[in-house]
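Taken in sequence, the protein lines are chains A and B.
When we follow our numbering, the leftmost residue of the first sequence carries the number 1, and every step to the right adds one.
When we follow our numbering, the leftmost residue of the second sequence carries the number 1001, and every step to the right adds one.
Hint data in this document are derived by calculation from the structure and do not stem from the laboratory.
One or more hints might be untrue.
Partner residues aside, some chain A positions facing chain B, computed with beta carbon under 10 Å [claimed, not checked]:
id	residue
1	Pro14
2	Ala21
3	Lys25
4	Ser96
5	Phe99
6	Leu103
7	Ile117
8	Ile121
9	Trp122
10	Arg126
11	Pro149
Given the structure is predicted, the values throughout are model-derived calculations rather than measurements.
Ideal placement from N, C-alpha and C gives every residue a C-beta, glycine not left out.
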Amino acid sequence: MAAIFLKNVGVDIPIYDVNHASLKKALLGRTIGGRFAQSGAHLTVNALKNLDFEAHDGDRIALVGDNGAGKSTLLRVVSHVYPPTSGTVHIVGKVSPMFDTTLGMSMDATGMENIQIAGTIWGMSRAQIRNSTDDIVEFTELGDFLKVPVRTYSNGMLMRLAFAITTIREPEILLIDEAIGVGDSGFFKKAFARLTQLVERSRILIVASHQDETLRRLCNKAAWLDHGNLMAYGEFETVLSAYRNPNTPAQQPATA
Amino acid sequence: MLTQVKNAPSMTAPAGSPVDFVSQSNLALKARIARTISEEVVAGFRIWRVWGIMGWDDIRQRYRRSVLGPFWITLSTGIFILLLGIIYSRLFHMELEHYMPYLTVGYIVWGFMSATANDGCVAFIDPNRIIKQIKLPYSVYVLRMVWRNFIIFLHTIVIYIPVAIVFKVEPNWAMLLAIPGLILVCVNLIWLTTVIAILSTRYRDIQPIIGTAFQLGMFATPIMWPISSLGDARIVAELNPAYHLIEITRAPLLGEVAGLHSWLAATAMAIVGSVLAIALLVRASRRIVFWL
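In isolation and in its complexed conformation, chain B is listed as follows (with noise of 0.2 Å):
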């Protein structure tokens, strides 16, 4: 009885489920990576009717009561971008024209990074109840974060519609290399949200430090100076993480095109992050739910 149905369980067990756990010390390595892509990331992946709604609730839920609803941060989004971009294109000495569509995709952008990250935090921590009782992989609590910051990033985009408009950003084809800049960007969201949802969970001091990065780093990032303001030390720039991946989607929405060297910094941050992330979860993909 007992070898008829080891035999087989993948014929009765709905797929993407796991129908089988086994200790950890009964399993080689190899095997436990390729259960945890699996079981981990891509039905996770599959679902994606689950953290689509779960995302989709937490907008509607933070807005409910509010009478412009999640317009309410493209308000003041929009309020903060002229304010700083009045100020500082004195500052830099930059043309407004040039100096606010510049600002405007930079500080959009930054903002969905920096608030994904942070919802990264309490990726796991405030769903502990449903961890606790259904087994559901564990990308699905971080697409929810991503994809729930996705969307406020698409309330906040549009401001970019009228900027480009009043300062006359010439429209053509290369804006749509923004599309797969954009999709890089997500990419390396979901390896960083993973890899903080699972150190914020083990480790409860990490929340204020991922914070606090996140803030300095918009200062220290050309998000709201150009890059060629800092001269000879430009190497400070180039050597940010964050400004290659701010640049693959503001360059093209800019009408420009993004230096091949960002592009490449992008993918090869996107490929070593996803193995560094799978390679956390494989050791710690057991142990999560006793983190909660």
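Bound-form chain A, shown alone (with noise of 0.2 Å):
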């Protein structure tokens, strides 16, 4: 079983610009004291603010809010990139990131090559990736592609290796933040295809996108931040109106 508690849950993100990121000028603040003092205080972003919340087998909850309301940062909590500044987080369950599909990709490997980087980076066993390459190279359709340098690859080739890596995991939690760019349309229905199928093989789902129905296609639950704030979480269509329509009294019952 796969579980996700938090409990009042704020994350504080410290902005460092270059002053606050240098050693001299860290040294003459200490010497020269009262002058630099007020550059040395750090800006601090509150990007998630007294969070509670759960998830447990079968939920698929869809993040919604404006930009900047803190999905990426609940996702990176999810998965133990960002600690919390307070409260407590307690994940069960190996948790599958999809942030961002080309990562860990080598420019001057080979398809094949990156295949074993990736697959390894992601946390996959050699059997795992031995087992899954026929299914890589036969989704892709790269073919012969897959023997040289990705760096040689279109946009929309590299996109279709990068995302059949990133789906052949076995996630317990999976987190998807915003839509994933798959190249042509015609590929489009293929790749969400393979992607509904990894969503069904994770026991929980969390995307955070600003695409309805690609959300509709995918969720039963969805959550809305605002501000760092769980605004409302619960069923789909409820907390989906009570986003799109923030004026109607359907959002009262929604908050509370």
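Got two chains here, each in a separate frame; can you build the complex from them with the hints?
Listed below in structure tokens is the structure:
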């Protein structure tokens, strides 16, 4: 089984500008004291505020909210990338983030080598990679291109390969950030089918996106984030309509 | 439901992966140290396939388009040593047959240490996209740098074989001591790279400092000159930590025995340095991702 428990989670992200990333400035600031003290306090963004959130087996959660609402931050907290500033995060199950599909790909390596490299970074065993290679070859339809460096690929080809590699995992908790671009529209149908299969294999899905139709097809629940606050969390259509029409009274019960 | 899960997280979660993040203030220092060691250090050694393939790909990528491949460094190092050997052996009034093997081993071991430390500056900065997406132990990125430079070291140390044959270095059993010597060098490089990686991620102006320090260090360490040439000022070299690290690998390969104090110094550095690296990691491991 898989489960996610966030209790009172707050995440403050410090913003470092050039001055704060300088040892010289830090040392000078200390000796000169007051003069630099003001610039010494770095800016902090409260990306998540006192968030309570739970997810269990079978939950397919759409994360909705405007840009900067904290969707990506929440996904990064669940994937252990961001430690919370306050509160507790408790995750049961193996988390598979899918934020940037080309992650770990090496441009000068061949397609085949990239299956090895990216697969290993994604935490797959040698046997798992070996067993999925045929599947990737078939899915990407790249043929002999897999034997040449990926830097020679078109953008669409690269996305296909990256997508194929990231979707061979066996995720328990699958996290997706934004819709995944997979090149030409003819390929999109095939890619979406593969994504749906991956989602079906997972126990919990959290997907952040602005595309309502995609979310509607994948999700049964929705969570609405606004400025780091969880505004509503529950049945998909209820939350989505509350988010899309914030002035209708339907929002009130959802918020409470 | 909640309590039931809390009691049995380790049974459902894969070994070595963090299942629970608690905010810093809720954890006692002792627990934080134990957690950092197991999750950020030990877990990284365990997934050796990840840093193994990362480091290996770095090497392949660097030399993919050159004809000689990684042997390009072998060649350039060989030429450098040959030229320097001929000129400096005269400068220091040393016989070529003693000076060449001495210079070869010293220069190559120094190159390994210096390149690793320099790479340490970008150990977390280069893979920032990975760090911001997947939680891997930080030691993975450190070991990748040590490993990739160790591969380069293996490519360059082969130069010593013809040198040893031409200048008739007598093989003996003491040469096997080079293996524990090299292991100690690697242990020291792992903690040093960890420290450098953390500091230079936080303070971006550290990188040129490290570069300059190692550039100067090469002249201040007995590599191109014998320690005996210091005369009464020998203490200057003895106080140099790099000297002992080089000595415990160089002396065995030359068929000599390194002084016990060099072994002790290298071991002490490994212990103190590892404690320092872990202390720094305990403090910084939860912040590094925000510095990227």
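Structure-based check of each hint:
no. : hint   : verdict
1   : Pro14  : holds (5 Å)
2   : Ala21  : holds (5 Å)
3   : Lys25  : holds (8 Å)
4   : Ser96  : holds (9 Å)
5   : Phe99  : holds (5 Å)
6   : Leu103 : holds (6 Å)
7   : Ile117 : holds (6 Å)
8   : Ile121 : holds (6 Å)
9   : Trp122 : holds (7 Å)
10  : Arg126 : holds (7 Å)
11  : Pro149 : holds (8 Å)
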